[in-house]
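**Q** For reference, the chains in residue letters:
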Amino acid sequence: MAANYSEKVMEHFRNPRNVGEMENPDGVGKVGNPTCGDIMEMYIKVKDNVITDVKFKTFGCGAAIATSSMSTEMIKGKTIEEALKLSNRAVADALGGLPPVKMHCSVLAEEAVKAAIDDYLKKTTGKGLPGFKPSDGPICEH
Amino acid sequence: MNRIYLDYAATTPCDKRVALAMAPYFTDKFGNPSSIHGFGQETRGAVEKAREQVARLINAKPKEIVFTSGGTEADNHALLGVAYANEKKGDHLVVSAVEHHAVLECAEFLKKRGLRVTTVPVDKYGLVDPVDVAKAIEEKTILVSVMQANNEIGTIQPIAEIAKAVKAKGAYFHTDAVQTAGHLPIDVEKLGIDLLSASAHKLYGPKGVGCLYIRKGTRLTSFLHGGAQEGGKRGSTENVPGIVGFGAAAELAGGEMETENQRVARLRDKLKEGLLAKIPESQLNGHPTDRLPNNLNITIKYVEGESMLLSLDMEGIAASTGSACSSGSLEPSHVLLAIGLPHELAHGSVRFSLGKYTTEAEIDRVLAVFPPIVERLRQMSPLYNCKE
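Chain order of the listed sequences is A and B.
Going by full-length UniProt numbering, 34 is the number at position 34 of the first sequence; the sequence numbering is gapless.
Going by full-length UniProt numbering, 239 is the number at position 239 of the second sequence; the sequence numbering is gapless.
Derived by calculation from the structure, the hints in this document are not laboratory data.
Treat the hints with care, as some may be off.
[As the list claims (entries may be wrong)] Mimicking DMTMM-like on lysine to aspartate or glutamate, the simulated pairs with C-alpha atoms at most 20 angstroms apart in a straight line are:
1. A:Lys-55 with B:Glu-315
2. B:Lys-112 with B:Asp-91
3. A:Lys-30 with B:Glu-315
4. B:Lys-88 with B:Glu-139
5. A:Lys-8 with B:Asp-313
6. A:Lys-127 with A:Glu-82
7. A:Lys-8 with B:Glu-189
8. B:Lys-164 with B:Glu-189
Pulled out of the complex, with its shape left as it was, chain B reads as follows (with noise of 0.2 angstroms):
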C-alpha cells in the first residue's frame, strides 16, 4: 500500500536537492565558523551565504537574520527578548487568541513574571480585526504578537493592517511565520514587520534550523550568552549543515512559490467539495478565500477527530487533527474553540495539510476512501441516530 502524507502543516519532508546542499557540512567541510583558518572559513562562508538566502525570501537585510533551532525558539527570542530588554519601556503585550502555543506559553511565562498580556478574540473565520488589536494597545505596550496564518485552520491574517495599527502606537510587531515563509510572499518592509519567525523544515528544508528576523534597531536581549556567534544575540557553534539546508530550502521556496501554490490550491479546493459533497453534515473550518493554499480543516459532526486519524493511518493516510484525544490534553484545540466552535465540534475536526508531492491520484484515493471511514465511525456514534 502507497502511503499518502496530508500532515505537510506538521513537518515537510527534507527536498533531495537540500539534503544534497547539506550533505559536505557534515563531512568534509566541518571547520567551525569562528575559526580564523581555511576551515572555518569556508563554512563561514557558506553560512553567510545561507543567510543572504533566507533574507532574500522575506526582503530583510542579511544582518536582521539570527538563526535559531527552530520556530519554537525564534518565537521565544522575540517575546521574552523584547520583554526583557524593554522592562523600562513598558510591561504589556497584545497576542491573539489563535496563537501558536509557542507564542502563547511564552506570553503566559512573562505574567506569571508580572508582564501584562491582552489577547485579541478572532472571529468565526478565525481572523484578528487590526480595530481591535490597535484598541488594545496601551501606552505601556511594547509588543504585539500576531501570527501570518494560522497552522491549525489556515486563515491569513491581515498583518499589513495589524503593523500598521501597531506601529501607530509605538510598539513592536512580532509576526509568526512558520507556516508561510517559503508559502505566501513575504516583504518586511512592505508588511511593516518588526520581528518574524520562521521554520526550515516546514519548507522542504532540515528540523532544528529556523531563523528570527530582528528589524536593525529593535532592542532585545540575547537568547543564548558565551558567544559572540549571530552578532552576539545567540551564543553557540552554528548548526552549519543544517542553516545550508534552510538557506537552500529558501532559495527553491522563493522560486517555485507560485506555480506550486496554484498547484496545490486546486487539490485543496478539489478534497474540500469532494469531502463536503460527500460527507452529510460536515463543515469547512477557517476563512473560505483567505487561506493558506494547502490547508483544508473541516468538522465531520458526530464523529471524534482521533479515531478518524486512526482510520485513515490503517489506510495509509496520515492527516491531523484538533481534538484533545490525539494531543494528551483533554482540551479540543484552542483554535477551534477561539472561532466558536462547541467542544463536541471542535473534537470532530481533521486537517489535511497538502504539499508539493501531493499527486490528484492521491487526492482521489481520500476522496474514496475517507467518507465510507465517517460512515461506519457515525454507525457506531450514539449521537448520529438521536441527532439530539
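Pulled out of the complex, with its shape left as it was, chain A reads as follows (with noise of 0.2 angstroms):
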C-alpha cells in the first residue's frame, strides 16, 4: 500500500484493540487538533496503581489508529509508573517500524497515554504530570 506499512501495523488498523469509549474513566487524554487531521483521545480505569482497562478513540490515518491500538495493549495491565516510561519509539518499534513522515502518530500516541495519566493524577493527587503540556499535535504547526 501506499503508506508503506509494515503487516503489524495493518493488522492493528484492521483489528484495533481496545477501541471505544469508558463509563466513568478514572483518567481521560485527549491529544492533536482536527485540522492536522489526527485526534486521539485516550480514557483509563486505574485501581491500586494498576492501569485495569484502557480504551481508545481515533481521527487520523492508518498509523494514527494503528499506534494508538498498540499503545493500549503495551499500558493495560501496568503500574502508572510502568505506563509513563511508554516512548513513541517503543511504540513504533512494536509495530514493526512506521514510515519517517508517520512517527509523529507514535508521538501523539505516547501524549496521548501521558494526558491521561496526567488527568487522573489530577483528579487524586490535585497535581498533573510534572513537566506535562499537552501538545496541539507535535509536529504540525496549525
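Since each chain sits alone in its own frame, please combine them into the complex, following the hints.
**A** Spelled out as C-alpha cells, the structure:
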C-alpha cells in the first residue's frame, strides 16, 4: 500500500484493540486537533496504581489508529510508573517500524497516554504530571 | 478477489491496441529518427505520423507539437521557456490557485529568481472567474496559466473566456490539459490557446511521454539543449515507442470520446447519488455539472482520508485522497483548501475517478462496500459522537 506500512501496522489497523469509549474513566487524555488530521482520545481505569482497563478513539490515518491500538495494549495491566516509561519509539518498534513521515503518530500516541495519566493524577492528587504540557500535535503547526 | 481500479485520474492502463502499435519500435524498428539511412527513416516516419495524430486531437498543426517526457515537463517548458524568452517584455505571471504542482512550483521557482506571480482565487466549486484573470493582468504580464480541468475535483474552467481576456491584454495563455486531452473536445484555435500540456498515460497511452503544443510564433526558449530534435526545442533522441503509443492513443481517444463520456458519466452519477444518499454527512467537492465526466470527489465528515483508502484497498478497491496523511506532507490538498474546505474536511476527502474499463458491477460493489467502511471508521472517531 501507498503508505508502506508493516504487516503489524496493517493488522492493528484491521483489528484495533481496545477501541471505544469508557463509562466513568479515571483519566481521559485528548491530544491532536482536526486541523492536522489526527485526534486521539484515551480513557483509563486505574485500581491500586495499576491501569486495569484502557480504551481509545482516534480520528486519523492508518498509522494513527495502529499506534493508538498498540499503545493501549502496551499499558494495559501496567502500573502508572511503567506506563509513563512508554516511549513513542517503543510503540513504533512494537509495530515493526513506521514510515518516517508517520513517526509523529507514535508521538501522539505517547502523548495520549501521558495526557490520560496527567488527568488521572489531577483528579486523585490535585497535581498533574510534572512538566507535562499537552500539545496540539507535535509537528503540525496550525 | 477482483481488484477494482477507480484511480484513472492518477494514471490509466495502456490500451492493448496502443501497446501493439508500440511493440515493433522496441525491437525491429529501432533506428534513430535523425539518421538518414532506411532504419532511421522508418522511425522518423512513425514519429511524424504520431505528431499528426496528436495534433488532430486538439486541432493543431503537427509542427506546433513538441513531444516531451510527460505533463510535468510540458508545464515546466511552458512556464520557464516563456519566462526566459520574454525577460525583456515582462516579469509577471498569473496562475490559478488550483493548478497542478508542476505549474505552481515552476511559478515559485521563477519567483525566487525575481519574477512576480499573481495567484487568482477560485470560488467554492473551484471555478476561476475570467474577470479576476483580466484584473490580475498587468502591462508586464507575459503568461497566464489556468488548467482546463482540475485533477482533484474535476471542475472544468471557462478557458475560452479566460483566453479571450488574456489575448485582449497581449499575454500568452497556457493551459494544463493533462486531465482533459483525449477526454474533452479541445480546439486550440477556437479556444485561443497559445500553449497546452498533455500526457499520454492519462489517455490510455504509455507513461513517460507527453507533449507541449506551442502556437506558431510563440516565443519560448528550448527546454533541452544539445540537439536539433523537436524543431530544436528539445534536444534528445526521440522516445520512439512512447511517441508512437501517444499517437495511437490520441487517435483512439478522439474516436471514442463521445460515447465513452456518456457511459462513464452515467456510472459516475450513479456512484455519486448512491454514496451521498447512503453516507450521512457527506458532500460533493467541485462543480455539480461543469466537471470531468469521470470524476467524483466527496468529503466524508469525521473520518480521515488515508484510513478510508487503506480500508478500500483491503477490499481491492483503488481510490485517492486529498488528505495530507497519504501524501507525505502534513498539509492537505491545496485545491480543497482553495475551494474553502476547512482542514478537517479536506482531510476527509476521497476521489473516485472512473475510466473506460469501469463496469456497472464495480460501481455496485463500491456502493455496497464503502458505506460500511465509513461507518466502522466513524465508530472509532472521537469527532463522530460529540460532533463539536
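**Q** Which of the stated hints cannot be reconciled with the structure, identified by number in ascending sequence?
**A** 1, 3, 7
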